[in-house]
Amino acid sequence: MKNLLRILLVFIFTLNTNNLSSAEKIEYLETDWSFKGLFGKFDRSALQRGYQVYTEVCSSCHSMKYLSYRNLAEKGGPEFSEEEAKAIAASFEVKDGPNADGDMFFRPGKLSDKFIMPYENVEAAKAANGGAYPPDMSVLIKARSGGADYIYSLLLGYEDPPIGVNLDDGVYYNKYMYGNQIKMSSPLTDGIVEYSDGTEASIQQMSKDVTTFLMWAAEPHLEARHQMGFKAIVYLIILTTLVYFSMKKIWSRIETEV
Amino acid sequence: MSDHEYTPKSKAGKWFNDRLPLLTLANHLTDYPTPKNLNYWWTFGGILTFCLITQIITGLTLAMHYIAHADMAFDSVEHIMRDVNYGWLIRYIHANGASMFFLAVYIHIFRSLFYGSYKAPREIIWIIGIVIYLLMMAAAFMGYVLPWGQMSFWGATVITNLFSAIPLVGEGIVTWLWGGYSVDNPTLTRFFTLHYLIPFLILGLVVLHIWALHVPGNNNPIGIDVKKPSKDTVPFHPYIVIKDGFALLMFMIVFAFFVFYTPNILGHADNYIEANPLVTPAHIVPEWYLLPFYAILRSVPDKLLGVIAMLSAIFILAALPWLDTSKIRSAVFRPLYKQFYWILVADVLVLGYMGAMPAEGLYLLIARVATAYYFLHFLVILPVLGFKEKTLPIPLSITEPVLGGTPNLAAAKNKESFKA
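First to last, the protein sequences are chains A and B.
Just so it is clear: in the first sequence, position 77 is 77 by our numbering, and no numbers are missing.
Just so it is clear: in the second sequence, position 2 is 2 by our numbering, and no numbers are missing.
Zero decoy hints are in this set.
SDA-like mimics (lysine to any residue), calculated; alpha carbons at most 20 Å apart, straight line: (1) A/K248 / B/I242; (2) A/K231 / B/L248; (3) A/K75 / B/R82; (4) A/K41 / B/N264; (5) A/K41 / B/F257; (6) B/K227 / B/H214; (7) A/K114 / B/D75; (8) A/K231 / B/T262; (9) A/K65 / B/R82; (10) B/K227 / A/E255; (11) A/K249 / B/Y40; (12) A/K75 / B/N85; (13) A/K65 / B/S76; (14) A/K36 / B/T262; (15) B/K228 / A/I254.
Facing chain A, from chain B, some residues (calculated, C-beta under 8 Å): (16) Y239; (17) K243; (18) A269; (19) I273.
FYI, nobody ran anything at the bench for these hints, they're computed from the structure.
Don't be surprised by glycine CBs; every beta carbon is placed ideally from N, CA and C.
Put together the whole structure using the sequences plus the hints.
Dropping the structure here:
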């Protein structure tokens with residue numbers, strides 16, 4: 001019967017792989033993410049560079065409505081100093097109000113402000129982008145199967161359409177995009193930002209940095225989670241071992257084995 | 001129940017106990033004679049109690065921060081994940097806890113199927129268990145709707161639409177369930193209310209489930225009645241408590257791994273996209289624990305019959321004590337049933353897999369065969385098997401060997417026999 005079960009499992013497995021191959025499953029590009037694994041942490045400088053790419057490139061269309069400027073200085077994130085984060089916040093004009101006269105007004109951003117939105121509303125965003133809504137990037141990594149690998153691949157996946165594929169105006173070919181057609185033109189070009197730490201701003205480098213930043217944006221407590229997880233599991237293993245031997249001792253009073 | 005009368009030692013204890021016999025209850029629970037040959041498959045009852053308590057505690061905490069409103073639910077979940085102290089931990093425990101709960105309940109149910117725990121005199125325990133399982137599915141489904149992501153919204157739409165299959169009144173019922181003409185804010189608020197209510201119903205039923213269990217006492221791997229208390233039993237405390245505790249800790253290690261290292265692997269990426277009634281996801285898939293029933297639903301071409309088939313697949317379990325005509329409980333002594341048992345396990349796994357695949361071509365065909373087999377198992381194989389099967393001799397007690405043979409205890413207790 002075990003054998004039958006095994007055969008079935010193998011059958012399911014092969015069916016699965018067949019299905020994937022028939023659907024032309026694309027292998028995503030891989031890179032050495034620092035945040036993967038049991039002890040995975042973010043690379044601070046990658047986060048800071050990634051923030052720069054986001055602000056200077058992505059943020060002109062993509063919002064990040066769940067992030068606040070204070071997050072930039074928090075532990076486990078890009079960890080800008082508080083002064084730096086304040087300066088970053090102050091560099092944005094935030095709409096506030098109404099004031100005593102009932103008017104809305106603009107003031108420099110504060111740490112407690114949310115990241116400013118590129119458009120007033122979804123309709124304005126669509127109107128400015130040929131009918132396509134640039135998705136909010138706060139949880140984007142978690143909202144796409146494939147996660148960080150997918151976003152990284154997508155940024156590097158622009159190429160000329162294969163012969164026979166005709167694209168409408170404002171539609172671009174990307175080999176990692178679902179359906180291969182994307183309404184965002186390739187956002188990155190070599191040197192589009194100038195890194196202050198002297199890192200060469202190649203497309204690969206920027207893609208990796210901004211994807212790391214997006215991963216942090218989606219999972220701001222990832223480092224705390226990994227650290228706590230390791231402690232919790234070690235604790236549980238020690239406790240389990242102790243309980244195991246207590247159990248053996250208690251059950252040794254009767255002839256039955258546990 | 002315990003055979004001996006219990007009297008508290010202290011005078012105050014006696015005074016209290018005469019008025020409310022809580023101490024008698026506590027004494028019963030500690031002394032409760034339990035078959036000493038229970039294997040680790042029997043530890044899942046305790047594990048399930050742990051799961052329920054965990055879901056209730058984390059759920060209460062989440063409810064303090066969650067906002068049940070179509071415009072704010074998604075935002076409030078992100079608020080929990082980002083700004084509430086350890087909110088990410090509580091939410092990930094709650095979300096993965098649901099999956100762990102179902103993992104444990106499936107092991108618990110299939111243990112019962114293998115060892116015939118549903119048979120006389122334990123039918124009521126079994127039926128209460130099925131009701132708990134049904135409520136668990138309802139609670140889990142409604143809980144999945146609360147974050148108001150794309151899968152929440154479209155899953156709710158698909159499942160509530162099933163009721164429209166009911167002739168004449170179907171459409172009216174769906175409108176009534178929704179509280180409007182589509183899944184919207186009224187649907188969300190009522191789902192939240194019910195999601196909050198159901199766990200406490202489950203808690204009450206769990207008490208009844210355990211109460212009903214304590215009348216005949218536990219079944220055991222060789223499935224014979226044991227004299228209680230006797231050489232065949234051990235007191236619940238400390239023997240079973242420590243063993244359940246050990247198993248629970250092992251379970252918690254697996255649980256912790258999911259929570260801390262792959263918290264989103266059992267969910268669907270689309271549920272991190274806020275609900276949008278204008279955009280339908282490419283594939284609407286329920287959570288993994290509902291997939292076998294989803295496969296049954298889709299394998300019937302007619303909508304109404306599909307719904308009936310899906311519900312029958314669950315309710316047929318309630319009739320199991322009468323469908324299984326064999327007097328022998330444990331599959332250890334039922335060589336044929338043991339084989340059909342494993343085929344059923346494989347069948348349910350296949351159904352689960354097909355539920356995740358698109359309902360077309362080969363997948364649909366396999367799902368149909370598996371659905372047919374599922375019903376065949378319960379409606380034909382089990383009743384017939386009870387009369388046809390030549391069972392092995394069963395031992396007289398857990399400690400005593402079979403008449404005229406070598407002790408069969410080793411075979412009964414050995415985990416190999418469960419897997420064989």
